[in-house]
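Student: Single-letter residue listing:
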Amino acid sequence: MHERLLAVVDDFQSMTGNDRLQMLLEYADSLPELDPKFGENPELLERVEECQAPVFIAVEGTQEKVDLHFSAPREAPTTRGFASALNQALNGLSAKEILSVSDDFPTQLGLDELISPLRVRGMRGMLARIKRKTAELAGDN
Amino acid sequence: MSDKFAGYAHPQVLVTTQWLAENRQSVKVVESNEDILLYDTGHIPGAIKLDWHTELNDPVRRDYLDGEGFAALMQRKGISRDDTVVLYGDKSNWWACYAFWVFKLFGHEDVRLLDGGRAKWIAEERELTRELPNLPAGNYPVVERDDSVIRAFRDDVLKHAGSPIVDIRSFPEYTGERLHMPDYPNEGAARAGHIPSAKNVPWGKCVQEDGTFKPVEGLREVLLNETGFNEDQKFITYCRIGERSSLTWFALKYLIGVKDVRNYDGSWTEWGNLVGVPVVKGEEAGVLA
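Each protein sequence line maps, in turn, to chains A and B. Per our numbering, residue 28 is the first one in the first sequence, and the count goes up by one each step. Per our numbering, residue 2 is the first one in the second sequence, and the count goes up by one each step.
In isolation and in its complexed conformation, chain A is listed as follows (with noise of 0.2 Å):
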């Protein structure tokens, strides 16, 4: 696993309980505030359809350094806190390194038990995505 993956995954690891929930509110705390080019073009970006709360992603950049948008309302902050996650885990790294994370790191995070299964599937929604889009970008480059 990346370093950059094992770092996150260790965040939440290293915690138990309640406390793996504050770190996950952490994370949406700390999620960059969107490129203001996406608000003034919204078709740019791809809803996650798997949420329930309205996330939208977009990757652009090129194979060797991937650049990930995420918007996600500060009313979803579980939401909100899989986008922040998943931007400082795989913001950055190269198309071939995004390409082989794991389907299963949502649950590598350890936050199963802690919240509903619907929602780990939204956020395994949003890595799919992400690998789909990063796939698209290789293939035009």
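Do not rely on the hints blindly, as some may be mistaken.
[Stated by the list, open to error] In silico contact screen, one side only, chain A against chain B (beta carbon under 8 Å); selected entries:
| hint | residue |
| --- | --- |
| 1 | 103 |
| 2 | 104 |
| 3 | 105 |
Hints are computed from structural coordinates only; laboratory data are not their basis. In this text, a Cβ means the ideal position worked out from N, Cα and C, and glycines have one as well.
Use these hints to put chain B onto chain A, whose structure you have.
Tutor: Just chain B, lined up with the frame of chain A:
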């Protein structure tokens, strides 16, 4: 009492944000959200967090807590049997209604709902805090859960031919279109569609833009007039796992005053996976034989 509340069959189970702001010290305020981190970002001062996923359910079986588990939970939360409990939450109170329903499975007498829930409290710029309440342990006896009056199981649904079934999911979920969109995971069901004879009244039809319930005339319009159902009949409500349908269950039972309403918490995640049960796809309600 406002005109709106006066029209409801049991107005005492609903409180306004103003009432709660004035009375919150004398009741136990409990927040239950779909997003279980939302409480931690700020909540009504003194409110206790109740996590529907990890706290109301049995950790092993797909079922609710038993009597001992519920008593222990209440004691931990600082709630006593004779307390007035006021529930509120996100998403127009989906999970607050669900928690309300679970409190009633255990016969808790005085449970109320904050009309408009979390969103209305925030829209009115009322106080929020991240500070956790420090409540002394509650005094709660072990009361066995009673599933016979307000809870429906799959066999009850199969025997419900000729009586109203209300499917409160979105229209594409009702018709069965929803599970077949390409590349999207389904919602954990093997089959798409609805229970034969069920009428589709999406939950949102019961609430207004600010998240509060519609006045009783509006509720009667969507749940009775438009469905052709009659308030003297026996109702069953369902959705995906029983949470959104708790809101409609609440509206039917306490606001319209239907005497016999049960919530089928197995809902589509059970029915859509059951071997051999009838399913209808498309817009027609169909017939439950």
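Student: Each hint: holds or not?
Tutor: So, going through the hints one by one against the coordinates:
{"no.": "1", "hint": "103", "verdict": "5 Å, holds"}
{"no.": "2", "hint": "104", "verdict": "4 Å, holds"}
{"no.": "3", "hint": "105", "verdict": "5 Å, holds"}
Of the numbered hints listed earlier, not one is contradicted by the structure.
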